[in-house]
Amino acid sequence: MSAAATATAIGLRIGAERFEANTATRDPVWVKAVVLMLALGFFAIFLLLPLAAVFVEALRKGWVVYVAALVEPDAVSAIRLTLLTAAIAVPLNLLFGVAAAWVITKFDFRGKQLLITFIDLPFSVSPVIAGLIYVLVFGAQGWFGPWLAAHDIKVIFAVPGIVLATVFVTFPFVARELIPLMQAQGRDEEEAALVLGASGWQMLRKVTLPNIKWALLYGVILCNARAMGEFGAVSVVSGHIRGQTNTMPLHVEILYNEYQFAAAFAVASLLAMLALVTLLAKTYVEWKASELPKHGDTP
Amino acid sequence: MARASTFRGLPGFGLSLGFTLAYMSLIVLVPLSAVFLKTATMSWDGFWQAVASPRVIASYKLSFGASLLAAAINIVFGFLLAWSLVRYSFPGKRIVDALVDLPFALPTAVAGIALTALYAKNGWLGQYLEVIGIKVAFTPLGVLVALVFIGLPFVVRTVQPVLEDLDTEIEEAAASLGAKRLQTLWRVVLPALAPALLTGFALAFARSVGEYGSVIFIAGNLPMVSEITPLIIITKLEQYDYAGATAVASVMLVTSFVLLLIINGLQEWTASRSGRLS
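In the order they appear, the protein sequences are chains W and R.
Mapping of the first sequence onto the working numbering: position 20 corresponds to residue 20, and the numbering continues sequentially without gaps.
Heads up, the working numbering is the position in the second sequence plus 1000, with the first residue counted as 1.
It should be emphasised that the hints constitute simulated quantities derived from the structure, not laboratory data.
It is possible that some hints are incorrect.
[As the list claims (entries may be wrong)] Residues on chain W that point at chain R, a partial pick, calculated with CB under 7 Å: (1) Val34; (2) Phe42; (3) Phe46; (4) Leu47; (5) Leu114; (6) Ser124; (7) Tyr134; (8) Gln141; (9) Asn211.
Just so you know, even glycine gets a beta-carbon here, dropped at the ideal spot from N, CA and C.
Bound conformation, chain R alone (with noise of 0.2 Å):
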């Protein structure tokens, strides 16, 4: 800090930091640090047994599988949602705008429940389905299913503010220049939101790879089939087998901060490619 000048500078630092830290440690990383000093308590075997178990490794088979499937499944429709409610106008714009952020707002186990309901062979969605031999309740179908509704936003409020940030002039620049307006969106206009798609993705990944509210109630949660990573956590748990369900978590941990690293990485790049203020 700069204290040099006759103004004696903003008053808190010391107070505001001291809470900040206290607190963050207090709630956040002295906790999160016992998953890794448990974690190395274990012997290497004990470790190895835990974590790399058949169980085990068709539950991150799933996990990552339906988590990947359901992002790149969001970027495609994310976008469009994201196009239409920046380049069009249609009846009910502003209606759909505010319901988009509905999973950031709605607790999973509602999603759950709900999304189960319309795909159980009963359901709305869930007897048409049956009738061409589509099963989604409790199968991996039905982990996709409410992966992509937990997505969804991430991509479109990443891609939203960027195309409505987006210089109009290299849309005019192209046009003017003949190219059609198919080959202006495709070589001038997705490149440019490249990145924020990008991040998109990546943020309805990280945040799919540990969903389990909405997720258990559809999965039916079938060992080896359509059990979820975190899952089996909680099911070790109920064994109280504390050091298994630790050591799973331990790798999911460590995938989830590698993640955030490539997240605030691709942040930096949207914002500098967009030349905002992150």
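Bound-form chain W, shown alone (with noise of 0.2 Å):
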């Protein structure tokens, strides 16, 4: 998303009503009508259609299979490792987000914009050199390789690269969100807390995590989904060992490539259902967050 289209998904959306009433801004009617055909056609097959398809998919077969297609000690081991690989991903990200949206917000120094630049760089990096990149540095035949092989430590193909892949592409999310909310907020509440004569941690903690909680929650939100999802990235890096390196989208695939359909729309359902808590979220938070006064409210 663009740093605009940000600032309002955590912002007032206002109705369509203003438009509809005004004459020099109503469409005619064939105009309203053709539009919303095309534009709902295409989001019924393009988006509507894949979602449904997942939860018929998973029960073509019944519950029974669905539900042994999730107690499996494979299916439950790859959910292990995935709730395992977000559980250390996310925080260390939550707490780079933080770190990074206050220096770029609440200072002036040389660099920035670079600096900004350079978050925003893991959303143009493809999954699977994101993977790569793991490869070349902690592989076998990569810069430490020779290294970690003598004091018998794993990285690649094994949990450590999962949880650095997924680290490395969920990187951005949460300073992304934070930003351009803490640019809009200024300086001012911070140093009237101080002159006030709060401490550094009292501020953070009274001033300024109230002021970004819900676009901080919104980005943990993002940054989950993506942890949990993330399946280019840790399919490079994982070597797919059943019942040790599988995440749930690796389970996924392996099933599918296996001809287990309903198995492997069974596991992906419950990947849907994260999107779907995920986009409900959103959307609660978003409700939240146009509910109250842009700055400074009390816990």
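Using the hints, put the two chains back together into the complex; each one sits in its own frame.
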């Protein structure tokens, strides 16, 4: 998403009434009908149908097969690894996001624009390359390969590699949500807190964090969805060892390639539900953020 | 930093800048630099053979061609969706608005197998397309379908806020000067949206070029026909051709960086046109 899009994502959405009541901005009825038909038809075919297909295919062979696919040991281990990966990657990038947004929005220094560009970098790198770079650094023939082998540490084709690749692809999410908001809020409130005698940590806890909590939550939600769903980057570094280095999306791929379609879609349906919960949470956060006054609500 | 006044400035500059730079270097910059350092150790001939063999060239044509086409399709339908969401009231609008982000939230592998199931020969859509002689799954057309899915929210979410902020006064002025509604849209509204549309196009294109998960299931992955560039990298890695994989990756990375620069420029243009702070 662009910075502009993010800025209103956490902002007030205005209804269409003001356009439809105004003769100058109201479209003729037939134009409205045609535009809505095209837009919603496209929406239904490209977004609704694939979503529906996941659940229909998952239940094609009935509930028994569906549940069996989810409680099977390899599936359970994939779910566990996915949760573990997200539990490491999300807090790390949360910490980074707050630190980066703090330094970018509250201070002036040389090279700030470059820093912002670098933060966006992982978004424009193919997931496959995100996996490849860690193979080049930690793989058997990589920079640290011989050293790691000598000390019997496995990064590539093991859990640490999966976590690293996930941290890379989810790196920008929190920072990107915070930067436009904190830029708009300025530094007045923090300065006031300090002048009134607050310590640095008090200021952070009582002023800054309450001001950014909704954007922060939104960033964490997006970061988590991507962390649990990442496929390309993780696929390169995982080695696809069943029961050990398979995350949920990789498990879906294996089942699908073995023509166990119902089982593949059953695991996929869990990930689709995660996506729906993410969108629901996003809508809720937007609604909450638009309810609050822009500055300094008390917790 | 101005530390000259009596106020000592906000705390944490050194700590947060130090952490930001260290973390970013460890996670992003140093590993990324490995691609270029590894490529630099290759001979020119070896590099050229890896990045310009006919099979790799065919993959560039598919990846870039399908991405351009998908982004172009998304500009049209993304604009119509953004327009519907901002300008019209209709039942279910909130749900449509929330679900536009589905491609951001749905894991790519899930999207990939769902689209394949839809467009396969016996799928919901595939069986009807088969009758009129159109094959989607396991052809380049399948790649296009997956990339349209992936790119749609980029256009909608870039155009929507600009459209919301667009001053209705210019449309009122055009109407009072006697312009027909469609004339106003074509001559007044669309030019104002042009930077946002272009930004959305570039974002969707940049994402599509590197996309892997949603494409590989539906593409069929036939060499020279429906094999995308990211898959070439994976294939080379699986054959332990690390140098070859890295060389192709370096070509893709340079392309991404150029696109990133263009997108940054476009976003500044959008911001200056619509008068918002980016």
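Against the structure, the hints come out as follows:
| no. | hint | in the structure |
| --- | --- | --- |
| 1 | Val34 | violated, 9 Å |
| 2 | Phe42 | holds, 4 Å |
| 3 | Phe46 | holds, 5 Å |
| 4 | Leu47 | holds, 5 Å |
| 5 | Leu114 | violated, 11 Å |
| 6 | Ser124 | holds, 4 Å |
| 7 | Tyr134 | holds, 6 Å |
| 8 | Gln141 | holds, 6 Å |
| 9 | Asn211 | violated, 14 Å |
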